[in-house]
Amino acid sequence: MALQITESCVNCWACVDVCPNDAIYEDKPHFLIDDAKCTECLGDHADAQCAAICPIEMAIVNELGEFLNPPGSLTGIPIEKLKQFGLWKDAA
Amino acid sequence: MELPVISNTAAAAESGGCASSGCGTAPDALSHLPDHIRAKVQDHPCYSEEAHHYFARMHVAVAPACNIQCNYCNRKYDCSNESRPGVVSELLTPDQAIKKVLAVAAEIPQMTVLGIAGPGDPLANPGRTFETFEQLSARAPDIKLCVSTNGLTLPQYVDEIAKHNIDHVTITINCVDPEVGAKIYPWIFWENKRIFGIEGARILIEQQQKGLQMLTDRGILVKVNSVLIPGVNDEHLKEVSKIVKAKGAFLHNVMPLIAEAEHGTYYGIMEQPEPTPEMLQDLQDACAGDMAMMRHCRQCRADAVGLLGEDRGDEFTLDKIDVMEVDYEAAMVRRKVVHDEILEKLDAQRGVVKPKATGIPEGSRPVLMAVAGKNGVVAEHFGHAKEFLIYEASPEGVRFISHRKTELYCGGMDACGDGDMVDAGATESLLDRNIRVLEGCEVVLCSKVGYEPWAKLEAAGIAPNGEHAMEPIEEAVMAVYKEIAATGKLLPQADTLKVA
Chain A
21 MALQITESCV NCWACVDVCP NDAIYEDKPH FLIDDAKCTE CLGDHADAQC AAICPIEMAI
81 VNELGEFLNP PGSLTGIPIE KLKQFGLWKD AA
Chain B
38 MELPVISNTA AAAESGGCAS SGCGTAPDAL SHLPDHIRAK VQDHPCYSEE AHHYFARMHV
98 AVAPACNIQC NYCNRKYDCS NESRPGVVSE LLTPDQAIKK VLAVAAEIPQ MTVLGIAGPG
158 DPLANPGRTF ETFEQLSARA PDIKLCVSTN GLTLPQYVDE IAKHNIDHVT ITINCVDPEV
218 GAKIYPWIFW ENKRIFGIEG ARILIEQQQK GLQMLTDRGI LVKVNSVLIP GVNDEHLKEV
278 SKIVKAKGAF LHNVMPLIAE AEHGTYYGIM EQPEPTPEML QDLQDACAGD MAMMRHCRQC
338 RADAVGLLGE DRGDEFTLDK IDVMEVDYEA AMVRRKVVHD EILEKLDAQR GVVKPKATGI
398 PEGSRPVLMA VAGKNGVVAE HFGHAKEFLI YEASPEGVRF ISHRKTELYC GGMDACGDGD
458 MVDAGATESL LDRNIRVLEG CEVVLCSKVG YEPWAKLEAA GIAPNGEHAM EPIEEAVMAV
518 YKEIAATGKL LPQADTLKVA
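Line order of the protein sequences matches chains A and B.
Reading the first sequence from the start, the letters are residues 21 to 112 in the working numbering.
Reading the second sequence from the start, the letters are residues 38 to 537 in the working numbering.
The set of hints was computed from the structure by calculation and includes no laboratory data.
Since the model is a prediction, treat every value here as computed from it, not as a measurement.
A few of these clues could be false.
Derived DSS-like pairs: lysine-lysine, alpha-carbon spacing no greater than 27 Å straight-line [to be verified]: (1) B:K136 <-> A:K48; (2) B:K357 <-> B:K181; (3) A:K109 <-> B:K230; (4) B:K200 <-> B:K77; (5) B:K485 <-> B:K442; (6) B:K220 <-> B:K247; (7) B:K113 <-> B:K136; (8) B:K519 <-> B:K411; (9) A:K101 <-> B:K113; (10) B:K230 <-> B:K247; (11) B:K113 <-> A:K109; (12) A:K48 <-> B:K357; (13) B:K220 <-> B:K275; (14) B:K247 <-> B:K284; (15) B:K113 <-> A:K103; (16) A:K109 <-> B:K220; (17) A:K101 <-> B:K220; (18) B:K113 <-> A:K48; (19) A:K103 <-> B:K220; (20) B:K493 <-> B:K442; (21) B:K411 <-> B:K181; (22) B:K279 <-> B:K247; (23) B:K357 <-> B:K113; (24) B:K230 <-> A:K57.
What the simulated footprint calls covered on chain B by chain A, stretch by stretch (three residues with Cβ under 8 Å from a Cβ of chain A suffice, anywhere in the stretch; the number is not a length) [to be verified]: (25) 223-232; (26) 297-305.
Listed below are several chain B residues computed to face chain A (Cβ distance under 8 Å; list not exhaustive) [said to hold, decoys possible]: (27) R112; (28) K113; (29) G157.
Ideal Cβ positions, reconstructed from N, Cα and C, are used throughout, including at glycine.
All chains, full assembly: derive it from the sequences and hints.
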């Protein structure tokens, strides 16, 4: 059980600093999560820390490919606007 | 230690008077400050309107992470064509940052100030931020250190800030009311949780105010930045100004919101209006009765290098500094010589009383003039000016009001790579746009003006003037003001047509 980082990631380092398992590492073109280390923060925190600080919607997904921060959830930009600007996706 | 409240000093009455009607003798906003604070900041380009013509600053982008979301910010920060806070081309490790700072300091001896401003929040990156400060204070003791922050984790780092001898901190405070805050900050990351809305804004405001008080209690200088967001916090900022002054902030810098759809920010996409230059000036004037206002801020990038209003970052990219050999001991000697020369020049200027409009009848109305200036003189060709400096001439003298940029931040869609976003304003020609930027001004002073802009400027009611090239700006503005006054156009009765 592990989370993953998608191509939406902007490499801002925020998740690296808050991960309790040091599971996140720098890579190109974006950061990655070591699935051997990731526990989704179970036992450490109520919320997965990477997903709780990540500023970018759609950048963190679970094993089912579901966005932990779906489009519009962090910015409050309505879905029709996101679609108009090409910023909307269903799933990873 | 408690810093004196600025308007409680004897200079207060003077400060209020200057702000409301223009003041011909005040060198700039800092003249109202108590001596011990002024001595600390008068050579700092970001605080002193006069010093920014001579001393340069740089930011190193070692702080990518952030712990809050602001509706005017988008965490995509690699567009080299944009100049606005939060944007950088190249993130640096602390080691790379040190190398870059030493290279720039050796090459540009006027560079006296190193700030860490992002592109995220420096205090959300404490390891990278404080390692950079620690190395720098050891290796380049002749560079002043500054940090800016959203304030969320400020209280826990005040001791560390004091330890690294950082004596200037900028806090961005856009509100003191959580209900206003909820319209600016959708969420914060706090105690291992993302907290949305009013509760998030409440915590942020509480931390900012606590951090501000802790800093001023320790005698660390605090400047407060506020982003003016029309309809959201415009009236509210007057209260913010009062409160931060009471807590001992020495300077308040109200900056206009930048909200363009192509930046992908919430405000940009939701078409939140930016303030007009007039709105900004009115608000700055309204707050100026309460404390020193700053009007020359250029809202620079988190990796800016050089004098305010210019960016020489391209000369110091990682691949270029990699091959530079820097002997900093030798550079410090050269830097000292240059600094002393500049200080001597500034001292001489400070002794000079700015031109007063002697002989201009009382009751003559003030006139706004735009100047294509550089290094304190009328220097630029109209078409080459990247910004105009706005001055107000009145019977009391000449005062600097603001700068207005002509090319707005972004080269457009091709440069940004977001081809599917709307390029607002692309249909407006650059010349029309630049003339629109000068709204409210009656004269534009520059070294030269071409035929086409000349005609368009006149049609827009702005008199082009190329007769004062290379003259000191304030003398030139006063000379033109006197010419206009001589025609009788500045007195109320002569103005009835315009008023009607």
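Given the hint that A:K101 pairs with B:K113, test it: the Cα-Cα distance must not exceed 27 Å. The hint holds at about 18 Å.
Next pair to validate is B:K113 with A:K103; report whether the Cα-Cα distance is within 27 Å. 18 Å, holds
Checking one constraint from the list: CA of B:K247 to CA of B:K284, max 27 Å. Satisfied? 10 Å, holds
Restraint status (C-alpha distance of B:K279 to B:K247 at most 27 Å): Satisfied, since the Cα-Cα distance of roughly 16 Å is no more than 27 Å.
Would you mind confirming whether the straight-line C-alpha gap from A:K48 to B:K357 stays at or under 27 Å? 22 Å, holds
Measure nothing beyond the straight line between the CA atoms of B:K113 and A:K48; if it is 27 Å or shorter, mark the hint as holding. 16 Å, holds
Need the status of pair B:K357, B:K181: alpha-carbon distance at most 27 Å? Answer holds: B:K357 to B:K181 is near 24 Å, not above 27 Å.
When you check the alpha-carbon spacing of A:K101 and B:K220, does it fall within 27 Å? 18 Å, holds
Under 8 Å between beta-carbons, do enough residues of the region 297-305 of chain B, three at least, approach chain A for the coverage claim to hold? holds (count 3)
Pairwise hint evaluation, B:K247 against B:K230, where the allowed Cα distance is 27 Å at most: 21 Å, holds
Can you confirm whether the C-alpha distance between B:K485 and B:K442 stays at or below 27 Å? With a Cα-Cα distance of about 18 Å, the restraint between B:K485 and B:K442 holds, given a limit of 27 Å.
Does the structure keep B:K113 and A:K109 at a Cα separation of 27 Å or less? 18 Å, holds
Every hint from the earlier list agrees with this structure, and none is contradicted.
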